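Let the sequences and hints guide you as you build the complete structure.
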Amino acid sequence: MRGSRKGLALFVLGLISLLIATACSSNNGGGSSTQSNAPVTKGGTYRSATSSFGFVGDFDPVGEYTAVGFSYYQMLLRTLLNYTGEAGAAGLVPHPDLATDLGTVSSDGLTYTYHLKDNIKFGPPINREITSSDIKYAFERIDSSSLVAQYAFYYDGVIQGMAQHSGPPRNISGIDTPDPKTIVFHLTTPTSDFPARLSLAATAPVPEEVAKCFTKPAGGYGNDIVSSGPYMIQGADQMDPSSCSTIKPMSGYDPTSHLILVRNPNWDQSTDNLRKAYVNGLNMSIDSNVDDIFNKISSGSLDGSFYEIPPPTVLQKYSTDASLKPYMHIDPQNTTYYLSMNLIVPPFDDIHVRKAVNWIIDKAGIQKAWGGPATGTIAGHIMPPSMAGLGTDYNPYGTPGNTGDLAKAEAEMKQSKYDPGHTGKCTDPVCNGVILLNRNEPPWTDAEAGVVAALAKIGINVKARELESGAAYQTIDTVKTGAQVGISMNPRWGADYGDPNTFAQPLFSSQALIPVGTSNYSMVGMTSAQAKKFGVTYPAGGVPSADSQINSCLPKTGQDRETCFQGFDKYLMEQVVPWVPMFWANQVTITSPTVTNFAFDQFTGFIALQNVAVSNNASP
Amino acid sequence: MWRYIVRRLVWVVFVLLFITLLTYVLFYVMPPTDPSILFAGKHPTPQVIAQVRKNLGLDRPFVVQYFLYLKHIVVGDQYGWPGLGFSFTTGKAVRSLIMEKLAVTFALSLGASIVWLLIGVPIGIISAIKPGSVYDRVGMGFALFFVSAPVFWVGLMFLWIFWSKLHIAAGTGYYPISQYGVFTWANHMIMPWVVLALVFAAFYARMVRGNLIETMSEDYIRTARAKGISERRVIVKHGLRAALTPVVTMFGIDFGLLFGGAIITETVFNLQGLGLLSVQSVNNGDLPVIVAITLVASFAVTFMNLVVDIVYAYLDPRVRYT
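Residue numbers (our numbering), protein chains in the order written: chain A, -5 to 614; chain H, 45 to 366.
These are computed hints drawn from the structure, not numbers from a lab. Keep in mind that this is a model prediction, so the values were computed, not measured. Hints are not guaranteed to be accurate.
[Stated by the list, open to error] Mimicking DSS-like on lysine-lysine, the simulated pairs with C-alpha atoms at most 27 Å apart in a straight line are:
#1 K209/H <-> K311/A
#2 K136/H <-> K242/A
#3 K210/A <-> K86/H
[What the hints assert, rightly or not] Away from chain H, derived, C-beta distances all over 10 Å, residues of chain A:
#4 K206
#5 P390
#6 Y532
The beta carbon of each residue, even a glycine, is placed where N, CA and C say it ideally should be.
Next comes the structure, spelled out in structure tokens:
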């Protein structure tokens, strides 16, 4: 109708004028460029926001198995050993925290003894000295299956007497507490990375008088965590621990809205040389609109981001504007993003095909789709440089510009039984229609086209399937459904702590192959007996194993251990070829000029909240 | 009339029962993700998965779970009445979770609906009274624009123009009255209200205009004018009454539907309401929350339908219920 059109035109004209007027109004884009040469300031609050906490264990330290959870625990809890909260390999070395030193190990490697420092106390409302029994109680909670300790496997079967049982926490025969300041662990077998396992939050001391009230459902203690670190949950001092019925959730933690931490008055800085604790507290609120979070950082109402990867527009803005660059912090995590090939699914059961795939993938293109070099370094091998120390020099399938090399890929493919005609392309019927599994969200979806195109160049015509991340993982961590997927783009793997075995046993040992929940997505080391048990077809050519290589490295310590695992990485890349490593992820954290000290915790892979400093005067 | 209301309420209960059953069945037949594995963390061994399953109450047969769920709704559970269980994602009682989010969604829906009625209906009336005039053209231009513009775009544009550039609007987030007072709360709600209202206002403007023009061409209007009644009375007392009855019906349904959550508005303005919660809980396979939100949304729609039908009976004397 003519009337409406004219009206629409008038209206749109008015709107456009308004837009032009506002666009031309004076811009005050980011903060003024005060440089980060400002002195480190004590006090204030680190104000941040996240789209969701992402906890899987309700924030109860016994079971919370997420790096983001660990980051908060670095402010809240102390363990026998812990880390300095800095970037680089130094940030992965365990130091004494509640313990007086790195402990005494018996000559047979089966007994570990630690003494506790003086003047270490629980925060309000418990306020008493921490004893060895409180640490032992944490282990007892780990074994009570109803509390769902998600990484109990690090301790069950390792410490004598530790095994999952239903029923409330009970005594563990393999842990002795001869006096309130001494704790002794008796192991079943020498475990050279055992000290690192004592840095995980599930082993932090827990006051039984509070935790005993939370038995069902699991996770309840996450609302009433009693602090052993420099900070406590706001409202902890108001919690009434006199009986189970008087205990109410601390007001500072609401899983759908906020986590506010304030100083723990009982924390004695002279006992803690790992945590600077500059800020007076943390204010982490939930903001569902990720763009909004970064807008607030540039407008100054928030001090910095947490785990969210900045959207591409933000990355671009901060990378290209010289005045903003100091506020973009790029730190490598101990994480590899990779393509996992299933060694029992043709044509990936042929090592020549797997090598050809390593030659052809355009890693530079994938990195670009991901958001550019800020988001990660192109990976030439499996373990990130922060683990085991094989750097960027070793890149056995390196190609000019990392865009892939068709000639080399074809040369490798010609040796494969799936290319009988030696054409350089996968011509066997199994090469068509094999499934490529991916996540259904960016940036994975943006990188997919490049992978599909590269594989097609060597005759592998995949059918791409996109699933929500949890569903994708479930597909490949279940052996039977994983056997339908030839190659998968969704996985990434990050180390739990600084030992290189965290990138070996769970990923490549045949013991790690369980019917549901395996992390050995490539099925490395699967035997024909296992294949029969799982109900999958075993390839005629067999499946290479990495078991003896892993077992030869496990007893070693120190530099020998590192060298051994470096050799293991090379063995995998050259003799087994289960993956195409794509890149080693960086964590990109954006801060505002109010942050006067930025620190990255290599252990958690995120900002070291316990060591950050701000110049705002906000109270938590 | 009371018999009619009671009959309708009984029908509401049946509908809700059926919907909960359907939700449970869908969850088991086509789960988005198995929550037992999702909440088993990074290294889900069979033992951990079994423990998680037990913890979430998913180890019992489906029928048992469903009847337990119904029982808890009627008699309550350890968190109070009605017993809606605990959220798989956060361990929080679903009952308090839903109440909190409902308050936000309710505030958003109520405010937006008042705004859209205040904007849309007058525009529609003026356009109808003076068809073809400048007012009509601008009014319908406005309507066409906001019916077509996607809500997320309008929301982001408003944030950019009024908050980021002109600094006259408050930022995102929900500021509860109990903590921040009425003024701060309202200040942060104005933009979400307006953004959400604009789409509906546009639609209602067009509808009111169309209805009123049609009504004003009826014979009885001509009769009323012939009787010498002032034009104003003719429009308000005779024209509007007939023209607005369909609007009442639409309003009831639209308002009820908003309780499923205005997902896009809630996301853009960071209002932690039911819409956002529903998306998150589906992604996480959080069954108790999914069922609870479905219940709330269905109840809102069926209840509002009932309210609207009753109001209709008062507005239109020809409609009588037995």
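Against the structure, the hints:
At most 27 Å may separate the alpha-carbon atoms for a hinted pair to count; K209/H and K311/A meet this at roughly 18 Å. Taking the CA atoms of K136/H and K242/A, the gap is near 12 Å; set against the 27 Å cutoff, the hint holds. Distance hint between K210/A and K86/H is fulfilled; the C-alpha atoms sit about 22 Å from each other, no more than 27 Å. The non-interface label for K206/A is consistent with chain H: the shortest C-beta to C-beta separation is roughly 17 Å, beyond 10 Å.
The beta carbon of P390/A sits about 28 Å from the closest Cβ of chain H, which is more than 10 Å, so the claim that it is off the interface holds. Listed as outside the interface, Y532/A is consistent with that label: its C-beta sits roughly 22 Å from the nearest C-beta of chain H, beyond the 10 Å cut-off.
This entry satisfies every hint, going by the numbered hints stated previously.
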